[in-house]
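*Asks:* Next come the chains, spelled out residue by residue.
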Amino acid sequence: MNYISLIEYLPYIFEGLLWSLALVLGGLGIGFTIGLPIGTMITYSDKYTKFILNVYIWIFRSTPLIVLLFLFYWGVFPNIGLKLSPLITSIIVLGLRSGAYQSEIFRGALESIDEGQILAAYSLGMSKIQAIISITIPQALRISIPSLSNEYAILLKDSAICFTIGVLEVLTRARIVSIATGIALIPYLIAGIILMMMTYIGLKFFHTVYKKTVIPGLIEGI
Amino acid sequence: MISDTILNVVDLHKKYGDSIALDGVSFRVRKGETKVIIGPNGSGKTTLLKCLNLLVKPDKGRIWLGNIEITDPRININKIRRKIGFVFQDFNLFHHLTVLNNVMIGLVKVRKLKKHQAYKKAVDALSTVGLDNTLYYKYPAQLSGGQKQRVAIARALAMDPVIMLYDEPTSSLDPQFVNEVLQVIRKLAKNGVTSIIVTHQIDFALEIADEIIVMHKGRIIESGRPTELLSNPQNILTKKILIRNFRTLR
Numbered sequence: 002m003n004y005i006s007l008i009e010y011l012p013y014i015f016e017g018l019l020w021s022l023a024l025v026l027g028g029l030g031i032g033f034t035i036g037l038p039i040g041t042m043i044t045y046s047d048k049y050t051k052f053i054l055n056v057y058i059w060i061f062r063s064t065p066l067i068v069l070l071f072l073f074y075w076g077v078f079p080n081i082g083l084k085l086s087p088l089i090t091s092i093i094v095l096g097l098r099s100g101a102y103q104s105e106i107f108r109g110a111l112e113s114i115d116e117g118q119i120l121a122a123y124s125l126g127m128s129k130i131q132a133i134i135s136i137t138i139p140q141a142l143r144i145s146i147p148s149l150s151n152e153y154a155i156l157l158k159d160s161a162i163c164f165t166i167g168v169l170e171v172l173t174r175a176r177i178v179s180i181a182t183g184i185a186l187i188p189y190l191i192a193g194i195i196l197m198m199m200t201y202i203g204l205k206f207f208h209t210v211y212k213k214t215v216i217p218g219l220i221e222g223i
Numbered sequence: 057m058i059s060d061t062i063l064n065v066v067d068l069h070k071k072y073g074d075s076i077a078l079d080g081v082s083f084r085v086r087k088g089e090t091k092v093i094i095g096p097n098g099s100g101k102t103t104l105l106k107c108l109n110l111l112v113k114p115d116k117g118r119i120w121l122g123n124i125e126i127t128d129p130r131i132n133i134n135k136i137r138r139k140i141g142f143v144f145q146d147f148n149l150f151h152h153l154t155v156l157n158n159v160m161i162g163l164v165k166v167r168k169l170k171k172h173q174a175y176k177k178a179v180d181a182l183s184t185v186g187l188d189n190t191l192y193y194k195y196p197a198q199l200s201g202g203q204k205q206r207v208a209i210a211r212a213l214a215m216d217p218v219i220m221l222y223d224e225p226t227s228s229l230d231p232q233f234v235n236e237v238l239q240v241i242r243k244l245a246k247n248g249v250t251s252i253i254v255t256h257q258i259d260f261a262l263e264i265a266d267e268i269i270v271m272h273k274g275r276i277i278e279s280g281r282p283t284e285l286l287s288n289p290q291n292i293l294t295k296k297i298l299i300r301n302f303r304t305l306r
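Chains as they are written, first to last, in the working numbering: chain A, 2 to 223; chain B, 57 to 306.
Extracted from the complex, chain B is given alone in its bound form (with noise of 0.2 Å):
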């Protein structure tokens, strides 16, 4: 393996009843890269990403964190996932907490902190999703869909992960509320977050990309850096996808 990866996903395999949702994906991902996931609905992305922290068990295949294989049954799955961000579409918030319990719950009841070492790193992930704190005390239900989004992402990132998965963390939002949400994700990524990033954002996935995986039908049918992908797609599909998308969003 190379020393600088960080997941290393090897012949996946996942079924529900008759309807093949993968179909033998294999990929890596170095340690400060960015993938970004694309593809018509249905073609398995979201079963993948869950999949990778193994919310979805694969039916077959391999998966290394580092030097762990997660996909190995005497693993404590808890104590990979904490090292595993994931952003939901929906959000997922916890109703009954404030924003501010909300980002310090995993700390205090999964990695043991301190409540003041929990509230000191819960206020560090706020401010870098550049949530006000004002809202701090506030609950979810009286937020906006974009600093909901924010404090999804603050949640995951105060557990220091070593990777973070983003679920269409846009796809729930109204359009004024999508740009906040992608300037954090992309604040992140330039900052060295390894990310993993499923979303119908083509612009999004242009511009931020070290490499784009174009899933159809459960399997990877391409990949490559977005530049790559863009001047010479080999796929029909890629092309349909970006080419029809970067026009329409020029």
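The following block holds chain A by itself, in its conformation from the complex (with noise of 0.2 Å):
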């Protein structure tokens, strides 16, 4: 075991942080792109558009990551005439994913909004879309910070099973760093420590959010 071309090792495997930031920063970003409307189609529009929507969340949420990551980065991309970086197919894929993890979150925030606040809308003379974007997306997005915390927790984690397409993310180069060094346990235990931190400082930023969006009266006790 060399402890010492371990220490030289460090800084390779923190320079794997910034990728796992990528990919979830770049995953969560398309996943609300694409959640919110999705969710918010899937609460106020016709049967036809929910099927057709419910069946693109069965699919993402229903496929393991690890195929789906190598049937984008194998088949969809190069099929299309794409050649897509792993690191950008992998976000496309964890942004697609989270897209319908989020549509979710935002369909089930949508419906707690009572309905009597859409129709005092309507009697004001708003349209549909002027109620929805006015009143309640801004409050679908309030309830929907607790969740997506838990969505940015997931998806750190699960960031991890793009190593398999080559990604360099964190715990990819504490495996390089395992096999280089021969040291089992211990390049785990760093990638292991940046993650919960990573982990802890996004859960901290979703909390501040959280609690300066809160409206006021309204949830007692923050």
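Hint data in this document are derived by calculation from the structure and do not stem from the laboratory. Predicted model only: the values in this text are computed from it and were never measured. Watch out, some of these pointers could steer you wrong.
Derived lysine-lysine pairs resembling BS3-like cross-links, with alpha carbons at most 30 Å apart [stated by the list, open to error]:
#1 139/B <-> 213/A
#2 168/B <-> 113/B
#3 246/B <-> 177/B
#4 129/A <-> 194/B
#5 87/B <-> 243/B
#6 170/B <-> 139/B
#7 170/B <-> 71/B
#8 87/B <-> 116/B
#9 71/B <-> 212/A
#10 165/B <-> 139/B
#11 139/B <-> 129/A
#12 135/B <-> 48/A
#13 165/B <-> 48/A
#14 48/A <-> 116/B
#15 71/B <-> 51/A
#16 205/A <-> 194/B
#17 113/B <-> 194/B
Some chain A residues close to chain B (C-beta under 10 Å, calculated; not the full set) [stated by the list, open to error]:
#18 114
#19 118
#20 120
#21 128
#22 133
#23 136
#24 139
#25 140
Think of the CB as a built atom: it goes at the ideal place given N, C-alpha and C, for glycine as much as any other residue.
With the hints as a guide, dock the two chains, each given alone in a separate frame, to form the complex.
*Replies:* Okay, structure coming up:
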């Protein structure tokens, strides 16, 4: 075992943090961009649109991430003439998958808003789209924050699976260092600590946003 | 049509499944008039009120607001609704907006007023309903029931409606808050705001109404001036509702 070379490899593991961050933030961002409109359409549109969107959600929620990664990296993207790097492919796949989960988060939040507020918006002369954009979505976003923080933590850990197509995120690098140095446990422990710190900072961020945006008087004790 | 008629309702029908909610309701409301609709629970009062701004679509019948037939399918109902103030039983304030923004949002989003114009109108409406300016930046969850309902009235009033519809405006209130809301409605009615009020507050109905409509099983069973109905009710149900409540309350 070579602990001195392990120290030399530490910056290499930490560099993986940037890759993990790119995967999580990219995935979460794409997921949000897809999830919010889909969740809104599922809540308010006709049954045919709902059916189509539910098929998308069902596919991405029920297929293992590793299968999706292989499918897109080796199948879908090359077949449509796109030559994307493992990192970009992973961000897109994580985003599509997170979009399916996030759409369910937003659907639940939108459905929890009482219909009376929509009727009140109509009674003022608002259209359905105005009522959704001005009344229900701003409230649904606030309600969704705790679930989104959950999604962040899950996505962070799921992002490790992207090593299967060669993304050099934290865990992949820990594995490489482990092989190079012959030290089995410690590189993974370091990777684990890095991921724990990222989880902590991310959750703290979501909690702060939640506290800042909570509607006064509606929830006590925050 | 009589020239000062603001609202003309002709032969309105509405069914929910097999249950008849409205069964041929017709009436007119003149400018400045206060009409009060009373009747037992399930008599169709709320459905009737919601049909008047098409929050509920009637199955049959026609409604004119001024010279415009609002039941015409070609009509843009959003443009009509802004002229009809609606006050809900459960307030239905927007939880994420302050008192001021609850009143301003319709003015900004629907009437497309500039923010400073909307602010001025909102403040005017809020002072009309007697809401203290220290509450303007509070959120609905921080208000009492009476304050919430007064904000809801201000929100409707700020849009400069040609008629105000109140759906049991005091039913969700604790008894101590009922009077403050009734006072606002009374003040508006006295100032000539055309109103239709659905209520179970019979003493208030008798005091404020130019005409009382009594509904039962989706029909108007009797209507008339409060004094006429009180002194000479034609229908046994009217008699029961009016006399019993009036005596109890005196």
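*Asks:* The structure should be examined with respect to each hint, and the outcome stated for every one.
*Replies:* Evaluation of the provided hints:
1. 139/B <-> 213/A: It is violated: about 37 Å lies between the C-alpha atoms, which goes past 30 Å.
2. 168/B <-> 113/B: holds, 27 Å
3. 246/B <-> 177/B: Status holds; Cα separation ~21 Å.
4. 129/A <-> 194/B: Within the cut-off at roughly 27 Å; holds.
5. 87/B <-> 243/B: holds, 16 Å
6. 170/B <-> 139/B: Between residue 170/B and residue 139/B the Cα gap is close to 19 Å, so the pair holds against 30 Å.
7. 170/B <-> 71/B: violated, 42 Å
8. 87/B <-> 116/B: holds, 25 Å
9. 71/B <-> 212/A: violated, 46 Å
10. 165/B <-> 139/B: holds, 14 Å
11. 139/B <-> 129/A: holds, 18 Å
12. 135/B <-> 48/A: holds, 28 Å
13. 165/B <-> 48/A: Satisfied, since the Cα-Cα distance of roughly 29 Å is no more than 30 Å.
14. 48/A <-> 116/B: holds, 27 Å
15. 71/B <-> 51/A: holds, 28 Å
16. 205/A <-> 194/B: holds, 27 Å
17. 113/B <-> 194/B: violated, 35 Å
18. 114: holds, 8 Å
19. 118: holds, 6 Å
20. 120: Status holds, d = 6 Å.
21. 128: holds, 5 Å
22. 133: Violated, about 12 Å.
23. 136: Because about 6 Å separates residue 136/A from the closest Cβ in chain B, which is inside the 10 Å limit, the hint holds.
24. 139: holds, 5 Å
25. 140: For residue 140/A, the interface hint holds, since the closest Cβ of chain B sits about 5 Å away, which is under 10 Å.
The structure fails to meet hints 1, 7, 9, 17 and 22 from the earlier list, while all remaining hints are met.
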